[in-house]
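*Asks:* These protein sequence lines map, in sequence, to chains U and Z.
Heads up, the first sequence is in this note's numbering, so the first residue is 19 and it goes up one at a time.
Heads up, the second sequence is in this note's numbering, so the first residue is 2 and it goes up one at a time.
What the hints contain is simulated information worked out from the structure, not anything from laboratory work.
From the three backbone atoms N, C-alpha and C, an ideal C-beta is built for every residue, glycine too.
Warning: the hint list may mix true and false statements.
Far from chain U, by Cβ distances over 12 Å, these chain Z residues were calculated [claimed, not checked]:
no. : residue
1   : 43
2   : 57
3   : 238
Below, a sample of chain U positions facing chain Z; criterion: calculated Cβ distance under 7 Å [what the hints assert, rightly or not]:
no. : residue
4   : 131
5   : 134
6   : 140
7   : 146
8   : 309
9   : 311
Footprint (simulated), chain U over chain Z, 3 or more residues, beta carbon under 8 Å [stated by the list, open to error]:
no. : segment
10  : 115-122
11  : 253-265
12  : 328-337
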Amino acid sequence: MSVNAMASESSDVLVEIRDLVIGIQRTRKDRLLIVESANFDIRRAEILGLVGESGSGKTMVCRSLIGTLKRRSASIFAGTIKFDGMDLAKLEERQWRSVRGSRIGYVPQSALTGANPVMTVGKQLGEAIRRNRKRKEKDVRRRVMELLELVHIRRPEVVYDQYPHQLSGGMRQRVMIAAAITQDPDIVVADEPTTGLDVTVQAEIMKLLKEIRSELKMSVILVSHDLALIDEVCDRLVVMHAGTCVEVGSVSAVARTPLHPYTIALNRSRIDISTPGAPLITIKGNPPAVGEWPAGCRFSDRCDFVQQDCTVGRNPVLVEVRPNHWSACLHAERLGGTSE
Amino acid sequence: MTATPIGSGVESAVRAQEGEDGPRPQPTWEKVLRRTGRAIIVAFWVMVVAFMLIRLSPGDPVSAALGADAAPDTVAAARKALGLDVDPLTQFWNYLTGLFRGDLGASLISGVPVTEMLRTNMPVTLWLIFTSVTMTLVISLPLAMFIAMARIPGLPYLFRTLTAIGLALPSFLVALILLYQFGLIWQVAPIFGYDPTFPANLQYLWLPSLVNCVVLVPVLSRVLYSSILDTLEEEFVETGVVRGVRWNRFYWLYVLRPSLAPTVVLLSYMMGVMVGSTVILEIIFALPGIGRELVTAVTMRDYPVVQGIILVFGILVVFLSLIGDIVASLLDPRVRLT
Ligand SMILES: Nc1ncnc2c1ncn2[C@@H]1O[C@H](COP(=O)(O)OP(=O)(O)OP(=O)(O)O)[C@@H](O)[C@H]1O
Ligand SMILES: [Mg+2]
């Protein structure tokens, strides 16, 4: 398969996700597939953006990385997630314990409900620190202070004893980021970490993620709806549509020459603030619902460039159309020049 | 907060304040004091209503005691002796001044001071409430937790059905069935009587408490069950899992405690309701509680006893709900004491 070429490309690959299939076993025979064929790498110390419409399976992919699919009664049916010699797709709950938190951190989606409401900030952060090593209470407190300063919280000694609901959304999300990096993980998974925050606070959280990447050399996988945000912060981009990865490439390459009609449509649907009164362009049709995916390419019935061979056969797989730039469009070569 | 807040001045002022220091904390004792004040006022009005109602109901203590055929001058003499010959407003004034001296009057029938009756009978009722609540909690917490977490297909359905049945059963019926089964058939519980000393009294209390459980456990465990389900959906549970919190801490701090507040508030309310419903249990199980005294007093139109007991019930109910709110706010800082 052509995606195998991905890995050979660079040695700094940290996580290698191949043909990942995630779904829900509803009855013994009935499987509901939510993600079918996720294919991408996470490289060392990069910020990888994950975009796509609501319901495209971004959160499911994130959960497969932190091992919390089971809680939502979902599971991995096929595929591999290679990480440091392990296959996360086949990890037992017991083995997950040594990966979660210490190797892979997690920043929750909502600043509002991501923090435990009945524990003070200090307690929550301290809990993660105390977990691995036996540490003296004073050391734990010092380390928590360090972390709070690292995420630019002013007056950490006050915040230490506060409950999450006493903090503003931005502060809370900073605390959650601090909690995610407490155990020095290799990867931080941030699933829409700025939902519900205002634009200026969003920008600061993004800045913080960038700092963490460059100072602590952590990889960040950042899920977002917001393409402008992704452009600004991310190095590479994975575009998901209806449970598949349709395009993978560097942010600049994807912006310059998008190789999938869905990406082109996403790009076009951005709100153009530079020309006031410009019409709001939306992607026509609705994303196909989970379990009601059409034959062939899943974007075919919404696609402006649809051809006859698009609507038959299996879902097209990612192909490296240009160096380091993959697309799942059968006609990607022809799209090459059609960006605005 | 380092961000420049967007929006109206008021909003940003609020945000800035919250961001820096959180909402200005109001001392808890101040709130407790305010709530206590309110509770006393409510209890007072309960007493006033009791005072009026018992006088508005047909009959009076004298005719109840002497019968309808008593000679008019005997009746008049008795009324005078009991202080009932003056108008109700004066009676109320006399009662109120007595109240401030800590004097609740004496039974019109037996002459026993009401405070004395409360002292001997109230503990039985309080014990019954206490054991009922303890048993309810001991059953409900693990039950709700297990059903919410176990993910056994069909179990939630069974749980809902059984709790619905439990809810629909009238408690006097449950009392009679349990009394018959445990007391007469299996003979594992005494069918009447009471021993006021501590460990010995439990022998008499466990069965009536079990009756209360049949009503309380379904309500409480269902409320708790659905709060736990809500909590499990919340993202901080995910965060806790990723953080690798040990299971005992996880169940308590990440699952149970964030779910408890509604249950605690409901429980305190149910305890208030129970103050009234123990009357039936005290009669069926022949427990010398205050509820039984109340029933006798009402039939005999024993005004001071009725007023005194209802006043204490009123105080009990409001304070139970106050305690419930305090406990809820201690367990879950999101809950604000108002
Ligand atoms: N337990 C479940 N049962 C059935 N369908 C589910 C379940 N969990 C998720 N799904 C479906 O899986 C799809 C993918 O969900 P996912 O949360 O991964 O989407 P997403 O890309 O993160 O969307 P969003 O941008 O809204 O967060 C959705 O259509 C959702 O309805
Ligand atoms: Mg999501």
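*Asks:* Taking the closest Cβ pair, is residue 134(U) under 7 Å from chain Z?
*Replies:* 4 Å, holds
*Asks:* Is the nearest Cβ of chain U still more than 12 Å from the Cβ of residue 43(Z)?
*Replies:* 30 Å, holds
*Asks:* Minimum Cβ separation between residue 238(Z) and chain U greater than 12 Å?
*Replies:* 8 Å, violated
*Asks:* Taking 12 Å as the cut and beta carbons as the points, is residue 57(Z) off the interface with chain U?
*Replies:* 49 Å, holds
*Asks:* Would you settle whether the hint for residue 309(U) is holds or violated, based on the nearest Cβ-Cβ distance to chain Z being less than 7 Å?
*Replies:* 21 Å, violated
*Asks:* Between the segment 115-122 of chain Z and chain U, are there enough contacts, at least three residues with CB-CB distance under 8 Å, for the coverage claim to hold?
*Replies:* Violated, because only 0 residues of the segment 115-122 of chain Z bring their Cβ atoms closer than 8 Å to Cβ atoms of chain U.
*Asks:* Classify the hint on residue 140(U) as holds or violated, based on whether any CB of chain Z lies nearer than 7 Å to its CB.
*Replies:* Violated, because the Cβ-Cβ distance from residue 140(U) to chain Z comes to roughly 14 Å (cut-off 7 Å).
*Asks:* With a cut-off of 7 Å on the beta carbons, see whether residue 311(U) makes it to chain Z.
*Replies:* 26 Å, violated
*Asks:* At least three residues with a C-beta closer than 8 Å to a C-beta of chain U: is that true for the segment 253-265 of chain Z?
*Replies:* That given contact holds, which follows from 4 residues of the segment 253-265 of chain Z lying within Cβ reach (below 8 Å) of chain U.
*Asks:* Once the shortest beta carbon distance from residue 146(U) to chain Z is found, is it less than 7 Å?
*Replies:* 5 Å, holds
*Asks:* Using 7 Å as the Cβ threshold, decide whether residue 131(U) counts as touching chain Z.
*Replies:* 5 Å, holds
*Asks:* Examine the segment 328-337 of chain Z: at least three residues should have C-beta closer than 8 Å to a C-beta of chain U.
*Replies:* Satisfied; 4 residues make the cut.
In this structure, the hints that do not hold are numbers 3, 6, 8, 9 and 10, in rising order.
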